[in-house]
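Colleague: Can you build the whole structure from these sequences, using the hints too?
Residue numbers (the UniProt record's numbering), protein chains in the order written: chain A, 1 to 202; chain B, 1 to 222.
Be aware that one or more of the hints could be misleading.
Calculated Cβ distances over 10 Å to all of chain A for the following chain B residues [claimed, not checked]:
{"#": "1", "residue": "Leu24"}
{"#": "2", "residue": "Gly49"}
{"#": "3", "residue": "Ser56"}
{"#": "4", "residue": "Thr76"}
{"#": "5", "residue": "Glu88"}
{"#": "6", "residue": "Glu89"}
{"#": "7", "residue": "Gln117"}
{"#": "8", "residue": "Thr125"}
{"#": "9", "residue": "Ile131"}
{"#": "10", "residue": "Ile176"}
{"#": "11", "residue": "Gln209"}
{"#": "12", "residue": "Lys211"}
Not everything, but these chain B residues come out facing chain A in the computed CB check (under 10 Å) [what the hints assert, rightly or not]:
{"#": "13", "residue": "Leu39"}
{"#": "14", "residue": "Ser47"}
{"#": "15", "residue": "Lys65"}
{"#": "16", "residue": "Leu146"}
{"#": "17", "residue": "Ile174"}
{"#": "18", "residue": "Gln204"}
Simulated from the structure, these hints should not be mistaken for laboratory data.
Given the structure is predicted, the values throughout are model-derived calculations rather than measurements.
A virtual CB, placed ideally from N, CA and C, is assigned to each residue, including glycine.
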Amino acid sequence: MGERKGVFVTVGTTSFDKLVAAVDSEPVKAALFRRGFSHLQIQIGRGTYIPSKVSGEDGELEVDYFTFSPTIADHLTAASLVISHAGSGSIFETLRLGKPLVVVVNEDLMDNHQAELAEELADRKHLFFARGPHLLAQTIESMDLESLVPYTPGNPKNIADQIDAFFGFSSPGEGSDQKGGEGEGASVSKISKLFSFFLDSL
Amino acid sequence: MEPDFLTIIALIVSLLVIRVTYVLYWTGRPFKRAPKTSLRTMIVLGSGGHTAEMLSIVNVLQKDKYAPRSYVAALTDNMSLQKAQVYEESLQNHENNVDKKRGAQFMQIYRSREVGQSYITSIGTTIVAIIHAMWIVLKLRPQVILCNGPGTCIPLCACAYLLKLIGWRWCTTIYIESIARVKKLSLSGFLLYKLPLADQFFVQWPLLQQKFPRSQYAGRVM
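Modeller: Okay, structure coming up:
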């Protein structure tokens with residue numbers, strides 16, 4: 001008997017009842033079961049829709065849920081597939097762990113800029129993308145897990161170096177800062193002192 | 001002979017024109033010489049991904065160069081300042097010499113507008129937010145403001161810029177658009193780019209750098 005493959009669903013700190021309901025629906029559960037997943041754990045966050053727990057004894061998908069957990073990372077690590085809302089935190093935390101990810105956009109959110117990020121990462125083949133919970137079943141059925149490309153995490157050091165360069169600070173490991181007299185700020189504050197002095201003298 | 005009223009006005013206006021021209025010229029231009037002391041840094045936090053991104057950037061900054069640090073978040077945002085406090089505390093544990101005088105500060109600011117608030121009452125709350133922002137900027141005296149998109153950063157950056165224009169202080173504003181913005185800028189980003197208020201403007205996706213050529217693309221933070 002093969003290793004048990006689990007699915008973890010997360011909505012982060014939001015309420016995304018439509019996703020939880022879709023995951024809890026027969027078409028999605030059947031699609032997951034057909035794809036070889038044996039158990040499903042749903043993090044429902046602030047949502048009010050309560051999924052039905054299933055023991056999985058009768059040869060069907062086992063289902064459990066919780067609202068929040070301090071150890072989401074553990075659930076992500078244990079999962080073989082993650083289904084997530086389109087929040088950047090959830091997305092990148094999952095991608096960093098190298099887990100296959102299906103992102104579902106919440107169409108009820110106004111100004112849905114979250115979809116942009118999921119779309120771009122899907123175009124780059126880092127995850128699968130469903131424009132709404134109603135498309136989840138078909139996304140699961142058609143997804144080719146082999147086609148996923150691992151995501152290489154970014155490095156904030158590049159931006160930090162550019163900021164250092166703006167001020168003339170050398171990056172750690174390089175030589176010392178640009179030598180010279182006072183920086184921009186000091187000569188400017190001299191002028192502003194002059195200015196305030198001038199105002200005072202009027 | 002006493003200078004008459006018109007002469008005084010003309011003098012003030014000329015000084016202001018000189019000052020404003022000076023500010024407009026130098027905004028966005030890298031410093032000619034590195035500051036001798038560390039820079040007082042204000043870090044603006046926001047709900048959700050904003051704080052996580054911001055802290056990942058602060059984490060790789062040279063802490064001795066950007067100090068003392070202050071963190072500002074909206075009054076209704078409970079988590080962000082907590083995360084920042086935990087982060088700063090973790091730094092204290094690693095450093096051998098804890099300089100109490102230069103410890104981090106944490107402040108909350110009124111929001112201009114809550115989600116779903118009517119636009120009419122928003123006018124009043126925005127005015128309150130601007131006054132509060134000015135008070136915070138005068139109190140914290142930042143030389144650097146780091147922000148990445150939450151609406152709370154606009155009143156703060158605007159007040160810092162206003163003080164710069166009238167010659168009161170010099171503050172460098174560094175804006176890093178959120179990683180979630182791939183094809184369009186956020187409203188805060190758009191305002192800071194267009195007005196322009198920011199000295200440095202980073203985007204995390206190449207398409208945005210092409211659309212907004214005065215921005216810089218230096219990769220992603222996550």
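Colleague: Hints first: check each against the structure and report whether it holds.
Modeller: Going down the list of hints, with the structure as the test:
1. Leu24: holds (13 Å)
2. Gly49: For Gly49 (chain B), whose nearest Cβ neighbour in chain A is about 4 Å away, the distance does not exceed 10 Å, so it is violated.
3. Ser56: violated (5 Å)
4. Thr76: Holds, because the least Cβ-Cβ distance between Thr76 (chain B) and chain A comes to about 14 Å, which exceeds 10 Å.
5. Glu88: holds (17 Å)
6. Glu89: Given a closest Cβ separation of 18 Å, the condition holds.
7. Gln117: About 13 Å separates Gln117 (chain B) from the closest Cβ of chain A, which puts it past 10 Å; holds.
8. Thr125: Correct as stated: the minimum Cβ-Cβ distance to chain A is 19 Å, above 10 Å.
9. Ile131: Fine: 22 Å to the nearest Cβ keeps Ile131 (chain B) off the interface.
10. Ile176: Its Cβ does come within 10 Å of chain A, the nearest being 6 Å, so this is violated.
11. Gln209: holds (13 Å)
12. Lys211: At about 13 Å from chain A, Lys211 (chain B) clears the 10 Å cut-off, so the statement holds.
13. Leu39: Because about 7 Å separates Leu39 (chain B) from the closest Cβ in chain A, which is inside the 10 Å limit, the hint holds.
14. Ser47: holds (9 Å)
15. Lys65: Cβ of Lys65 (chain B) sits 5 Å from chain A, so the hint holds.
16. Leu146: OK, holds: Leu146 (chain B) within 10 Å of chain A, min 8 Å.
17. Ile174: Cβ of Ile174 (chain B) sits 6 Å from chain A, so the hint holds.
18. Gln204: holds (7 Å)
Against the hints set out earlier in the document, violations occur for numbers 2, 3 and 10.
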